[in-house]
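Colleague: Take a look at the letters that make up each chain.
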Amino acid sequence: MSAMESPPQAELHAPAGPRVLPQVRGWLPEPAWRADISSVYVHIPFCRHRCGYCSFTVAAGRDDLVPPFLEAIARELALWPLGPPLKTLYWGGGTPSHISLQAADQLAAELFHRFPADGLVEWTVEANPSDVTDEWCRQMAQRGVTRISLGVQSFDEGKLRFLERDHTGRTAREAARAVHRAGLVLSVDLIFAVPGESLSLWKHDLQEACSLEPHHLSTYALTWEPGTRFYAALKKGRVTAVAEDQEAQMYEWAIEYLQDRGWQQYEVSNFALSGYRCRHNELYWTGGNYLGFGPGAASHRRGYRWMNHRSLWNYLRRLRSGQSPIAEWEVLSPESMARERLVFGLRRCDGVDRRWFAVQTGFELEPFLAPVYDLWLAWGLLEDDGQSVRLTRRGLMVSDAILPELL
Amino acid sequence: MSFDPQHIRNFCIIAHVDHGKSTLADRLLEKTGTVEARQMRDQILDDLELERQRGITIKARAVAMHYEHEGELYELNLIDTPGHVDFQYEVSRSLACCEGAILVVDAVQGVEAQTVANAFLAMDNELAIIPVINKIDLRAARVDEVLQEMQHSLGIDPKEVLLVSAKTGQGVDQLLQAVVTRLPPPAGDPQGPLQAMVFDSHYDEYRGAVVYVRLMSGRIEVGQKVRFLKAGVTHEVAELGKFRPRMTAFPALETGEVGYLIANIKSLDQVHIGDTVTSVQQPAPALPGYRRPKRMVYCGLYPADGQEFNELREALEKLSINDPSFEFVPETSDALGPGFRCGFLGLLHMEIIQQRLEREADLDLVQTAPNVIYEIVTRSGEVIEVHRPQEVPDAGQIAEFRQPMVRVSMIVPSEAIGSVMKLCQDRRGEPQSTEYLSPTRAMLIYHMPLAEVIYDLHDKLKSVTRGYGTMDYEFIGYAPADLVRVDILVNGKRVDALSFICHRSDAERRGRAVVKKLKNELDRHLFEIAVQAAIGSRVIARETVPALRKNVTAKCYGGDITRKRKLWAKQREGKKRLKSIGNVDISQRAFMAVLESGSES
Ligand SMILES: Nc1nc2c(ncn2[C@@H]2O[C@H](COP(=O)(O)OP(=O)(O)OP(=O)(O)O)[C@@H](O)[C@H]2O)c(=O)[nH]1
Ligand code: SF4
Ligand SMILES: [Mg+2]
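Here the protein sequences come in this chain order: A and B. In case it helps, our numbering puts the first sequence at residues 1 to 407. In case it helps, our numbering puts the second sequence at residues 408 to 1008.
For the record, the hints were derived by calculation from the structure and aren't laboratory data. Values in this document were obtained by computation on a predicted structure and should not be read as measured data. Among the hints, a few may not be true.
Claimed, not checked - Derived pair list, reagent style DSS-like, types lysine-lysine, alpha-carbon separation capped at 27 Å:
1) B:Lys926 to A:Lys235
2) B:Lys701 to A:Lys235
3) B:Lys962 to B:Lys923
4) B:Lys923 to A:Lys235
5) B:Lys962 to A:Lys235
6) A:Lys235 to B:Lys725
What the hints assert, rightly or not - Derived contacts from chain B toward chain A, CB cut-off under 7 Å, selection only:
7) Tyr474
8) Leu772
9) Arg949
10) Thr951
11) Lys957
12) Ala961
13) Gly966
14) Arg972
15) Trp975
16) Ala976
17) Gln978
Cβ coordinates follow ideal geometry from the N, Cα and C atoms, glycine included.
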């Protein structure tokens, strides 16, 4: 991967003028910046405090940086040519619900100036239960938000405290109801396999979540990311991770419980009622094109992948001084791109459709699969209905151990 | 300047490890003005990096000193020797070049195992002995008791013992006088034919082999044509000299003198320790040579990175040039790939070689558990030597399985006798004798399998005697024993590098330990893995690594895609480098962990 540092030209135009020359030209190879991308992610890196397991780009307790951030985002947006109407928009973080309504308005205005919002079919905003009130939900709905992804994580006070979350089970329940009342699509995030967590605690969390009647559920096994406080504690032996077998048991139980209740698992950690999959996220898994704005945000267009500087300060400084926010970019050969589509496609429960694959990549699926095909079928890791191939439950559960073989 | 034999004394200093030989040598060099005070540093003769670092002598050294006694000048040739058992052969070589020995005993430690071994070696070689108690400056010195111990264990008359401190120099003058008055001059006819003994050598990058010689009779000159009787080659002498302590050239060496010879010899292979150098015109008979040191311990050395096989070979070749006492032959292990089977004089020797390889050649090594050489008499009556466990034939073909036995002598504090006896019994030792050297110390003699000794006896002895026990061992021969080869199987496939030989009654305990360790080191696979220890087809221990149940990244959004793809691609590459046995990928780290645990189980 090559890193593009200082651009040849450094002068930066005022934010949000109409016909600005797209500066991004000098920083990315030309095919990457064509203005045909209709999905956008915005990273809003603010949180009240940092949770011990979190490795996202976050500036905890630095609300003073919101204005410079908005200014930087505006500059970043201005680097791009006018885009086509947006189809999906995702505000993630951090905690997008943490910034004020005015700030959110300012951000939306900049964004829609560049990418018209008329055709928007899905606009997700991630929210912390403590921030979510009826009023907030109403305001969001008014602006065109369609979907709230609520960071519930658990309803159990002990588990929430362990995870260093600032809300209670009750706050979470109230927030969910508020989202419903505003007529927004509700997605609930849960975490399982937290040290000390029993299967029955997990069952209880999941049952509670279901009782809130969300449209969408994400269940994440706790991950120990290097650089987090949790990770350090694990390495020092101050906490013990849940044993593999128990974690597997929790995961399998969730899959079965939800399936029995009419949920569709459509990706490793994601479940939806019919018609409520997250379209934006599906783009990530199917090799779609998307643009990311904000620190650490990633973008992809037809084999070109790039990513912004992760540190908020770096990101702000670079944009202020007319430097590229892009930390690194790479271009994948058509074959690598095809392999990537296969590997990440197999994390989806629909699997990979042969015809779709051929159309998208220009390659037949068979040669890529051939080295493992018989073995995986024989071991019950893979299923093939003639039209598409998909991992079995067992295959999905050990996918990190087997998917690398396809790369 | 050359000396007539009457004015030459050749002697060595022998002692148990750390009793102060090298420090005493420092004092002798200083008092005789061989080394100027400002060039002096501690243990000046220990110039190998490893020697300085570990504070022990590994290679014997020779140095020529001048000393005036009653108005006459003498040449004193001192040979410093290592004290550690592994380097015993260096001691015997030095002894053959000397007429006398200074036997050093530490005033605090007293007589120890190698004191006894080395003293008897000197007596067997009919050397005159000057017994010395060193470190008398120490407050804990217990001179009277040590005198008693020397009398008991070695039959030394307390009146003959000199008291010195190599640290302060106290008593060193008397010692130098004793060297002249008590040690005999070299015998041998200065007018006779040239007869010199090769007692050591080292390799000099620019000048080739430097051969250490002691002249038994006659004289040798630069330019002379000489013959190496055993090697059967003739060379012209290019340079002669003495160690003072640096190599200093002399035009000739005389009867009784010790020095070096350079003759444009390109490789140390052509220099046989114990060979006789004589003149081409007037040849003398060959001297009795030394026995080549016996390699007692074998292990496999493999490059941790299979790519580095050639580097490892070069490094081994380079090392063996200066240390012909270890040997190596290429071997291939299914599990570890290509590597070498190496023979060493003992465990310390093995450790030292490994360290030198890792440091000097910057190689990461995997070392298999050390083993001894076994002898097997097959049903057809053939005797085969087994250098590694894999070579043991099937039980049906074995008429007799023999292992090397050693005579171990241990000197231990009296109160530890009980635990030492227990230890020896556990290690299948047969008691030979117990003798009190003083009311507080005793010498125990056992016959024991060498395998048990190298396994962990020394460490265990130290621990049951709180560091005070010392031991020494000598090879006494092969004896039949109820031995078996234990194989370690992973999903039914034998992992050759992990096979070991042990006594039948230990097989289960040790097999279980290895199997357990290996189980913990193996990553879970998509299938269950059976890890077994077996004698032939009989399984004696089994563990199971359950199949992998869950390994899946929970979150995979925008930026995670690139990160994951790269990580997985790297994983895939890494996996290619793993050794795969019975479809099970075993990391180098796993092998190492199991091999390291070998000595604990
Ligand atoms: N106090 C005191 N210490 C001494 C004396 N002689 C030697 N030592 C110390 O004892 C330790 C061992 O001395 P060395 O001269 O290296 O012993 P060595 O016998 O040559 O050891 P190896 O060659 O390894 O067998 C060193 O720390 C010396 O400083 C002495 O007379 N008095
Ligand atoms: S609220 Fe979310 S983004 Fe913020 S620190 Fe906690 S886990 Fe990270
Ligand atoms: Mg020494």
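Colleague: Are any of the numbered hints broken by this structure? If so, which, sorted upward?
Modeller: Per hint list: 2, 3, 6, 7, 8, 9, 10 violated.
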